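Participant: Using the hints, put the two chains back together into the complex; each one sits in its own frame.
Chains as they are written, first to last, in my numbering: chain A, 1 to 280; chain B, 1 to 264.
Quick caveat, the hints were computed from the structure, so don't treat them as lab data. Predicted model, so just to flag it, every value in this text is computed and none were measured. Treat each hint with caution, since some may be false.
Said to hold, decoys possible - So, partial list: chain A residues that the calculated Cβ filter (under 10 Å) puts toward chain B:
#, residue
1, 66
2, 134
3, 202
To be verified - Derived CB-CB ranges, DEER-like:
#, chain 1, residue 1, chain 2, residue 2, range
4, A, 22, B, 92, 54 to 60 Å
5, A, 250, B, 198, 53 to 59 Å
6, B, 23, A, 239, 55 to 61 Å
The C-beta atom is built at its ideal place from N, Cα and C for all residues, glycine as well.
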Amino acid sequence: MSLPAAVVPPWQDLDLREFLDHPRPVLLDDDEHAAVRSAHLPAGVLAVLDHLRRGEQATLDWLRDVLLTPTQVETEVTAFLTTWAFEKYWLGQTLQRILDTRPPLPQPQPGVLARGADEIHERLWPVMGTIGTNLVGPAITAGHLAGALADTLAQRVMAIRLAQLAPPLGGLAGAILHSTERHVAFFTAQVHARGGHRLSRAAVRHALRRWRWPAPRRGDRGHLAAVMRYLLGHPCTRDLVVRADSALAVLPGAPARAVLRTEIARFVVHGTTWSQLRVQ
Amino acid sequence: MAFDVQRFTRTSDRVQWADLDFSTFADNPLGADALRTLRYMCEVEYHTVCYLRDQLVTPSRRSADVAAFMTMWNREEFWHGEALSHVLGLHGITVDYDYLKAKRIKLGWWERLAPLRQSVAGNVLGQDFIAVHMIWGAVNEWSAAAAYRRLGAMEPHPGLTELLRRIAAQESRHVAFYATQARSRLAGSRKARRFARLALQRAWEPVGSSIMDDDEVRHVMAHLFAGPDGRKEIEAIDRHLTRLPGMDGLTIVADAMDERGITG
Chain A
1 MSLPAAVVPP WQDLDLREFL DHPRPVLLDD DEHAAVRSAH LPAGVLAVLD
51 HLRRGEQATL DWLRDVLLTP TQVETEVTAF LTTWAFEKYW LGQTLQRILD
101 TRPPLPQPQP GVLARGADEI HERLWPVMGT IGTNLVGPAI TAGHLAGALA
151 DTLAQRVMAI RLAQLAPPLG GLAGAILHST ERHVAFFTAQ VHARGGHRLS
201 RAAVRHALRR WRWPAPRRGD RGHLAAVMRY LLGHPCTRDL VVRADSALAV
251 LPGAPARAVL RTEIARFVVH GTTWSQLRVQ
Chain B
1 MAFDVQRFTR TSDRVQWADL DFSTFADNPL GADALRTLRY MCEVEYHTVC
51 YLRDQLVTPS RRSADVAAFM TMWNREEFWH GEALSHVLGL HGITVDYDYL
101 KAKRIKLGWW ERLAPLRQSV AGNVLGQDFI AVHMIWGAVN EWSAAAAYRR
151 LGAMEPHPGL TELLRRIAAQ ESRHVAFYAT QARSRLAGSR KARRFARLAL
201 QRAWEPVGSS IMDDDEVRHV MAHLFAGPDG RKEIEAIDRH LTRLPGMDGL
251 TIVADAMDER GITG
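Here chain B stands alone, though its shape is the one from the complex (with noise of 0.2 Å):
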C-alpha cells in the first residue's frame, strides 16, 4: 500500500505525555537497568538531528516526498527525546542541551566526518543511494519500535508504558514510510539491491552504536533482547527486512545480537 506523506505531515506531531500519570514512581521507581536503557535511548533521540544531517549531503534532499518525511521525522524523534528525558528527570537523571552538547563534542572527529564520508557514498551512488537510504532507515525504525514495545512489556509502569506506546506507535509510521520507497526503489535498480544488500551486510550495527560506548550497546541489547521473546522480536526484524527485493536471506540483526553474545 503507498505511502501518504501528505498525510503523514498533516497529521505529524510531537508525543504527548502530560496527560499521564507518572506519579508512581515516587513509590516504585524504575530499575538501574531500565533507567541506563532508557537514558541510551534518550540520547539516541536526541542525536536524531545529527542522522538528519548525514542524509541531507546525499540525493534523498532532492526528492520531495523524503525531505518532506525528514523535517517531520526529526521533529518527532527530537521529541521522543524530550519525553524520555522528562521520566528520567523524575529519577534525578538530567539529560540536558548542555550535557548533550558536551557529547557531541566528545564523539570527535570521527563523527564529524560522518557527513564526508557519506556525500561520497551518495556522489558514487547517485540516485540509487535513496534505496540504501531508506532500507538503512527501516532496519534502525523496525530496531526501535521493537526496542520500545519490549521495554512497555518489561516494566509495569502503566505510564511508562503508554508512553513507549505513543512512542513506538510515531516509530511504526516512520518504517511504513521507509519501508515502502525502499521496496519501490530497490524494485527498479539491480545497482540499489547489489549495494544495499552489501552496505548492510558490512555496516549495519545496532542503533546508536556510532555515538555510545560499547558497553551500553551491549547493556541495552541485552536488557531488551535477551530471552526468548527478545529474539522473537529480533527475528521479527530480520524477516521483515527479507520481505524487500534483493534481501533475501538476511540475518543482519541477529548476526548483530550473536556478535555480542545475546541469544535466545
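Bound-form chain A, shown alone (with noise of 0.2 Å):
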C-alpha cells in the first residue's frame, strides 16, 4: 500500500453488521510494543503520539456533543458510533502505553482564555444545543458526519507522517490507517446519503468552514500549533492533504475552500515561533 494514497482508502459499501461484529481495535502485541519502546524517536514525535493520545481519550466529548442533538435519533449512526467509540478507546490506552515507557511529557496547560472558553462549552452546550439543534432539526446530522469524516482524515494524515518521521512506528500507523478506513466509508457514504436535502447540505458547508484541526477542547492552542508544525511543516505533506481535500470537496454542500489546508496554513505557516522551541 502506497501511505500517500491511503489517506483516502479506496471507496467501500460499508456493511454496518460486519463493522458492528468485527471491530478493529488499534492494539499491540507485546512483541510491536517491545520493539517500540527500544526505537528511538525523537521528542517530537513523542509530543504527537501524545497529542494523538489526548484526542482520543476526549472521544466522549465529542460524543457528548454530537447525541443531544437530533444526531441521537439515527440509530444506525448511534449504533456505528457504539463500536466506533470502542475502537477509539482502545487507539488511546495502545498510545498510553507507547507513551507510559517514556520520561513522562510535560502537559500543556491552556491559557485563562481557553479554559474559561471551555466551562462555558461544558456548561452551557447542554442547554444552548439541546434547544436550538433540536429546532434545526435531523439536518445537523449531515454536519456531524462531515466533520467527522474531516477529523478522520485529518488522523490519517498524521498517522501517515508518523510513520514517515519514524519507521518504528509504521506498525501502529498501519494499524491506524487499518481501522479508521470504514469509518471513512461511513461518514463519505452517511453524508452522501443526506445530501439531497438543502438543509443539510447547508450543515456540510457550515461544519466545514468552521472546522478545526482535531484537538482535545482542554488543550494549548500553542502547543498545538507547534506540534502541527513539526508534523506536518514538510513539503510531502502537501500531497497528503490535497488527497484529504478532494476526499471533503465532493461532498454535497462542502464549501469552496480546501478544509485541510485552510487550516494547516494556520499553524504552519501563522504559527508562532515561541511555542514551536516547546516541542524542540
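Facilitator: The structure is reproduced here in C-alpha cells:
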C-alpha cells in the first residue's frame, strides 16, 4: 500500500453489520510494543503521539456534543458510534502504553481564555445545543458526519506522517489506517445519502467552514500549533492534504475552500515561534 | 473489593449467541407474555446510547474510570439489544433500526430535553453528581440482572435460558462497577448521600419507564415480579441498596411495585 494514497481509502460500501460484528481496535502485541519501546523516538514524535492520545481520550467530549442533538435518533449512526467509540478507546490505550515507557512529557496547560471558553462550552452547550439543534432538526446530523470525516482524514494524515518521521511506528500507523478506513467509508456514505436535502448541505458547509484540526478542547493552542508544525511542516505533507481535501470537496454542500489546507495554513504558516520551541 | 476497570475493559466483549440452539422455538415458541417482556427488554437495551448521552453531560464524563466503563457498558448493552432482537426475529417480531428511530422520534421533546435537565443537576452538584449517577446505575443494573434471571427461570428453553444467563452475568459486572463507585463516593460526601437519597426517593422508576408506555411497564413488572419468587428478587434489590452509605431504610423498588399493584 502506498502511504500517501492511503489517506483516502478506496471507496467501499460499508457493511454496518460487519463493522459492528468485527471491530478493529488498534492493539499492538507485546513484541510490537517491545520494538517501539527500544526504538529512538524524537521528542517531536513523542509530542505528536501525546497529542493523538489526548485526542482519543477525549472522544466522549465529541460524543456528548453530538448525542444531545437530533443525531441521537439516527439509530444507524448511534449503532456505528458505539463501536467507533470502542475502537477509539483502544487506540487511546495503545498510545498511552507507548508513552508510559518514556519519561513523562510536560502537559500543556490551556491559558485562562481557553479554560474559560471550555468551561462555558461545558456548561452551556447542553442547554443551548439541546434546544438549538433540536429546533434546526435532523439536518444537523450531516454536519456532524462531515466534521467527523474531516477529523478522520486528518487523523490518517497524521498517522502517515508519523510513519514517515519514525519508521518504527509503521506498525502503529498501519493499524490506525486499517481501523479508520471503515470510519471514512461510513461517514462518506452517510453524508452523501443525506445530500439531497438543502438544510443538510448547509449543515455540511457550515461544519466544514468552521472545522478545526482535531484536538482536545482543553488544550493549549500554541502547543498544538507547535506539534502540527513539526508533523506537517514538510513539503511531502502537501500531497496527503490535497488528497484528503479532494475527498471532502465532493461532499454535497462542501465549501469552495480546501478544508484541511486552510487549517494547516493557520498552524504551519502563521504558527508562533515561541510555541515551536516548546516541542524542540 | 475494588473493581478493576482495566480488567473490565480488557475482557469486555459483545454477548455471543451463535453457539446457542434456538431451533426449539420452531415447535415450541415463546408465549405472548414472554415475547412482550423480551421486546421491552430489547428496546430498553437499544436505548442505552440515550442513557449514555444523559450521563455525558454531567461531571461523570471527566472521570477516567467512569469514561472507560461507559464506553464498554454502552457497547455491551447495545449487543444485549441485538441478541434479544435475534430471538424476537425468530418469532416474526422485527425490532430494527428503522423501528427504533421512529420510536425515538415519537418520544418527543420531553425526552430530547433530558440532557438539559441532567446537565443542570450536574452543574449544581459538581463532582457529587457522580455518586448519584453511580447509585442510580447500580439500582438499574440490579433490576436488569434480576429481570433476566427471572425470565430465564420462567421460560424453559435451554438456548434462551443460557442467553439470558450470559446477559445477566454482564449486567452483574456492571453492578459491581456502579456499586463499588457509589460506595466510595457516597462514603466521602454528606451532600452526595443526601442528594442521592432524595433523588432515588422522589424520581426513581423501573428501568424503561421513561421510554415505554405505562401499560408496558406494568405488564413487564407483573410478568416478572408478581408472586413470592418475584417479590424475593425485589426485596433483594432494596437490601443491596440499603447497604450503601446513607441509604438505610429505602424500599424504592418495592414501593414502585406496590404503586403498580404488583404484590407478592
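Participant: Can the hint on residue 66 of chain A be confirmed by a CB-to-CB distance to chain B that is less than 10 Å?
Facilitator: holds, 9 Å
Participant: Verify the interface restraint on residue 202 of chain A: the C-beta must sit less than 10 Å from at least one C-beta of chain B.
Facilitator: Nearest chain B Cβ about 21 Å off; hint violated.
Participant: For the hint on residue 134 of chain A, just tell me whether its beta-carbon gets within less than 10 Å of chain B.
Facilitator: holds, 5 Å
Participant: Is it true that the C-beta distance of residue 23 of chain B to residue 239 of chain A lies inside 55 to 61 Å, as the hint says?
Facilitator: At 56 Å between Cβs, range holds.
Participant: If I claimed the Cβ atoms of residue 250 of chain A and residue 198 of chain B lie 53 to 59 Å apart, would that claim hold in this structure?
Facilitator: For residue 198 of chain B against residue 250 of chain A, whose Cβ atoms are near 55 Å apart, the range 53 to 59 Å holds.
Participant: Has the hinted range 54 to 60 Å been met by the Cβ atoms of residue 22 of chain A and residue 92 of chain B?
Facilitator: Violated, at about 28 Å.
In this structure, the earlier hints numbered 3 and 4 are contradicted, and the remaining ones agree with it.
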